[in-house]
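K.L.:
Use these hints to put chain B onto chain A, whose structure you have.
So the protein lines, in turn, are chains A and B.
First residue of the first sequence: 1, per the working numbering; consecutive thereafter.
First residue of the second sequence: 1, per the working numbering; consecutive thereafter.
Any given hint could be a false lead.
Derived Cβ-Cβ restraints for the label pairs, each shown as a range [what the hints assert, rightly or not]:
(1) A:H233 to B:K300: 37 to 47 Å
(2) A:Q360 to B:E222: 44 to 54 Å
(3) B:N36 to A:S2: 35 to 45 Å
(4) A:H233 to B:T37: 56 to 66 Å
(5) A:P246 to B:G309: 44 to 54 Å
(6) B:K143 to A:V366: 12 to 22 Å
(7) A:H233 to B:D302: 42 to 52 Å
(8) B:E299 to A:H233: 23 to 33 Å
(9) A:G86 to B:G309: 28 to 38 Å
(10) B:H14 to A:S364: 23 to 33 Å
(11) A:A57 to B:T37: 32 to 42 Å
Derived pair list, reagent style DSS-like, types lysine-lysine, alpha-carbon separation capped at 27 Å [said to hold, decoys possible]:
(12) A:K403 to B:K143
(13) B:K81 to A:K347
(14) B:K77 to A:K406
(15) A:K382 to B:K81
(16) A:K403 to B:K81
(17) B:K81 to A:K406
(18) B:K143 to A:K337
Take a look, some chain A residues computed to stay more than 10 Å from chain B by CB distance [what the hints assert, rightly or not]:
(19) A13
(20) R236
(21) D237
(22) V286
(23) E316
(24) R323
(25) L342
(26) L365
(27) M441
It is worth saying that the hints were derived from the structure and are not from the lab.
Everything numeric in this text was worked out from a predicted model, so none of it was measured.
Virtual Cβ for every residue (Gly too), placed ideally from N, Cα, C.
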Amino acid sequence: MSLTDCTAAELLADLNARRVSSVEVVKDFSARIERVDSKVKAFLRYDGDAALKQAKAIDDRRARGGSVGLLGGLPVAVKDLICARGELTTCASKMLANFRAPYDATIVEKLRAVDAVFLGRTNMDEFAMGGSNENSAFGPTHNPWNLNCIPGGSSGGAAAAVAARMATLSIGTDTGGSIRQPAGLCGVTGLKPTYGRVSRYGLVAFASSLDQIGPLARTAEDAALLLEAIAGHDPRDSTSVDAPVPKYSQTINQPLAGLKLGLVREHFGPGLDSEVEAAVREAFKVYQSLGATVKELSMPHAKYGVATYYVIAPCEASSNLARYDGVHYGYRTDVAKMNDRLAEEAKSMSAAGHSAAVDQLDNSLVRMYRQSRAEGFGAEVKRRIMLGTYALSAGYYDAYYLKALKVRRLIRGDYDAAFKQVDLIAGPVTTTPAFKIGEKMGDPLSMYLVDLYTVSANLAGVGGIVFPCGFSRSNLPIGLQLQAPPLAEERLLRAAHMFQKATDWHTRKPPL
Amino acid sequence: MSEPYTTIIGLEVHVQLQTHTKLFCGCSTKFGAAPNTQTCPVCIGMPGTLPVMNCEAFELGMKTAIALNCNIAPFTKWDRKNYYYPDLPKGYQISQYDLPFSFDGYLEISDSKERFEPKRIGIIRAHLEEDAGKSMHDEAHGKADSRIDLNRTGTPLLEIVSQPDMRSALEARAYLNELKLLLTYLGVSDCNMQEGSLRVDANVNVHIERPDGHVAKTPIVEIKNMNSFRAVEKALAFEAQRQYEAWQEDGLVIGQRPKQTRGWDDQANVTRPQRHKEESSDYRYFPDPDLVPVTVVQEKIDAVRESLGELPADLRKRLEATYIISAYDSEVIVNQGLPFVSYFTQLADAVKDGKTAANWMTQDVLRMMNECGTTIEKFSVPIGELVDLIRRVQAGDFNTSRAREVFTEMVASGKSTAESIAALGIIKVDESELYALAGEVLAANLKIVDDIKSGKSQAAGSLIGQAKKKNPNVNPNRFREICLELVGKM
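If we strip away everything but chain A, and leave its shape as in the complex, we get (with noise of 0.2 Å):
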């Protein structure tokens, strides 16, 4: 058996051993990178020499008899929007393509700190913005269960890379569903924390207060190891929640006696494919057996969620993506060719006696921004950044961005109701599994759909786990959704990690 099949915290074992060597591991996941990736395309950027260098200062300091952090020589790779020193961070888009970092974002920072070695970048949705990784600038994640198929989105690749057994552990963002939506279609584990547990300083910002780091990896255990790695208080981010990071890693085994999972009856309407549908509530089943109860309840709110997100994080985006504006850093048009352009449409213009339209025409600042923008930037993100721009101008604010946020406090409230009724709420993750590559691509507001059942979480701040629970009858994957309280991320892994103990869904390995 390859060292790619092990799990994060089998490989720990071994590596805390001696048994095995971060070298031996690297050199396999490398391996298993050269000979599959071709057709998953799951990294943007991974350097293998680079990785080696890290692993072997972590075994010679562990050889030397060295303390070594938690993570002690696993690999990890990471999506393409979080910022590491000197080294390329492009979100996926032609408009940061040769963007160098000159920082480390906290998490990286955090990782390094526990030893974990850097495989590599992982594709995504071109700043995180889509639900199927199509949107990627360097071109699309093919799902390692079907080819053919989108592996989910934004952290597509990130998804992909742990299904497809290039990484046993990955960092994905998650701002409606991102981490969430991918593991359930690419059939792994993805922890959306709560917002605020982990740090988003140096994660390039989409939608500021719905973005949040997490762990994508192949069981709950081994998502457990990589959030007790990067979550905690970062006084860097305002945004952060200051509480004790329990060790996760350590409480997971400790089974949830009397569980009350809730089921929301709005997660059960038109559209939930059937085999989707069975799969879930053949999960229920398991966790009745395993002494847990279940109980209906209603989210009257939760059929707001798509619209409302669709609001506010673009109005978010509108802002926080002002800054590729071709003058700092970043894609910049060929400003001599514009001038030559320019002066040539002014004199065409006045030759044709249109003084008035010449008036009108861009300097050459406001052209290179609108120049450097429109070649920058993929259609969706413009989309996006037309809808927040819109949303938020002088008129509008109050029905659109106003309202938003009113309805997202009613979600909120929602969530608050619920919890306090069950411990946690249980239910299907997509409508569908995996869908087609470019099935959805020219009806954006169908692919604003996937998020349907993942929106809520981020509007409302809590955290979300999604581990397989099923298989279509054409083998791919589906996934269960569990929903917590803000900042009961150990519950969620202890009860995912209950199911996984009983089942093997999560152990299925794509026929690549």
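P.N.:
Just chain B now, with coordinates in the frame of chain A:
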């Protein structure tokens, strides 16, 4: 007021707060460093960076607002003001929009020369925001280079918006003087206009009472680019007159033309229209999701109020009462700043004569400071030496005009009082010598002796000149006293 109109003025003042670090990061705010050397990923808006509020800036802002009698909001938030400019690296400025941290205050202004009645100028709001960077355009020799310096980006600014309560350029000047004084007394800003620490925009229009009693109000104009208080005063006076004349031409009143922005040309002494697009900017304000709202408890407000210290207005009253000096003197002294006040009080306490100390401070010390272009902290005459000088006058060694000569010598040479007196050849004339001299002069001027005897004591004055010829160090007052004494005995 001779103008046939009333000028209505409101001021927006941007004050750079004297913090050690920027508003949302740890970079230094020191002026004058090489371009882009005081920047970090946060203040230059690098992708992924996040702002964290500087508590010191918030406290300095609160201090100012409380001194301006403002209410402090128990809950305040940060908003983004979105617009594109090359020296605005994030594409938005973090500011406060609908919920400023302070509002509804006032500042009292008065004029010791009584050119206007004392009055309260309302403060609409004071809020915090970050500064932008600086663009430098080099268009010499056909070049079109623009360079960006982001050192200033993120520097904390306090924007203080007044009600349109001022009615003349003079009042506006008084408001700015008083505000600047308050800010320096609080130690919240150095208020250096050359370095951009204090920037003023003025909103102005005029109200013209027509014969039928109806008041015509001209369209409001915002004046920018004024880089001294003198410029503000001149710009306002110019603009009021210009608006009056424009109204006589076109008759346009408020609402018939959108608010215009004009710049002050300090060379030509005129305001000129600034280029602006027809449509007004849409800044798309919304709460900054990267920053948590700030809540302020009453205990904190009380603590800041406790820490304010004595403010200029109270200090003036105290000086007047304690040292029995005029309102004018106390204003001149207080307006010079705390170190000057401290020099004065030490001097007055030592010589036990507030009025004399005030005269020296407001006339001689101030004149010398101006001539030498120095500050009281660097003034070359230590308090002890000036005390020595004044005590000698009090002791009758010489009179005030002689003391002025000594003082001038002290400033010029840096010598002590005693040394300067010696250098000027001023020797105290012994009492017995004075009596002898008086007897001698009186004997030679029997006509004057008679005049004095007949009650014309002022006749003694003409003897002083004669005495001085014989001995230039004669103290005229003492000599006069002795003359009268001797005549009385004759």
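K.L.:
Confirm or reject each hint.
P.N.:
Outcome of the hint check:
1. A:H233 to B:K300: 37 to 47 Å: The hint (37 to 47 Å, Cβ to Cβ) is violated, given that H233 of chain A and K300 of chain B are roughly 23 Å apart.
2. A:Q360 to B:E222: 44 to 54 Å: 26 Å, violated
3. B:N36 to A:S2: 35 to 45 Å: With a Cβ separation near 50 Å, N36 of chain B and S2 of chain A fall outside 35 to 45 Å, so the hint is violated.
4. A:H233 to B:T37: 56 to 66 Å: 31 Å, violated
5. A:P246 to B:G309: 44 to 54 Å: Holds: the Cβ-Cβ distance is about 48 Å, inside 44 to 54 Å.
6. B:K143 to A:V366: 12 to 22 Å: 20 Å, holds
7. A:H233 to B:D302: 42 to 52 Å: Because 30 Å falls outside the window, the suggested range is violated.
8. B:E299 to A:H233: 23 to 33 Å: 25 Å, holds
9. A:G86 to B:G309: 28 to 38 Å: Roughly 49 Å apart at Cβ, these two residues miss the hinted range, so it is violated.
10. B:H14 to A:S364: 23 to 33 Å: 29 Å, holds
11. A:A57 to B:T37: 32 to 42 Å: Given about 34 Å between the Cβ atoms, the range holds.
12. A:K403 to B:K143: 50 Å, violated
13. B:K81 to A:K347: Answer violated: K81 of chain B to K347 of chain A is near 36 Å, above 27 Å.
14. B:K77 to A:K406: The given pair, whose Cα atoms are some 17 Å apart, holds under the 27 Å limit.
15. A:K382 to B:K81: Holds, because 20 Å separates the two Cα atoms, which is no more than 27 Å.
16. A:K403 to B:K81: 20 Å, holds
17. B:K81 to A:K406: Answer holds: K81 of chain B to K406 of chain A is near 22 Å, not above 27 Å.
18. B:K143 to A:K337: 17 Å, holds
19. A13: 34 Å, holds
20. R236: The claim breaks: R236 of chain A does not keep its Cβ more than 10 Å from every Cβ of chain B (closest is about 6 Å).
21. D237: 5 Å, violated
22. V286: Holds, because the least Cβ-Cβ distance between V286 of chain A and chain B comes to about 39 Å, which exceeds 10 Å.
23. E316: The assertion about E316 of chain A is violated, with a minimum of 6 Å to chain B.
24. R323: 5 Å, violated
25. L342: 13 Å, holds
26. L365: 7 Å, violated
27. M441: It holds; M441 of chain A is separated from chain B by about 26 Å at its closest Cβ, greater than 10 Å.
Checked against the numbered hints listed earlier, the structure breaks hints 1, 2, 3, 4, 7, 9, 12, 13, 20, 21, 23, 24 and 26; every other hint is satisfied.
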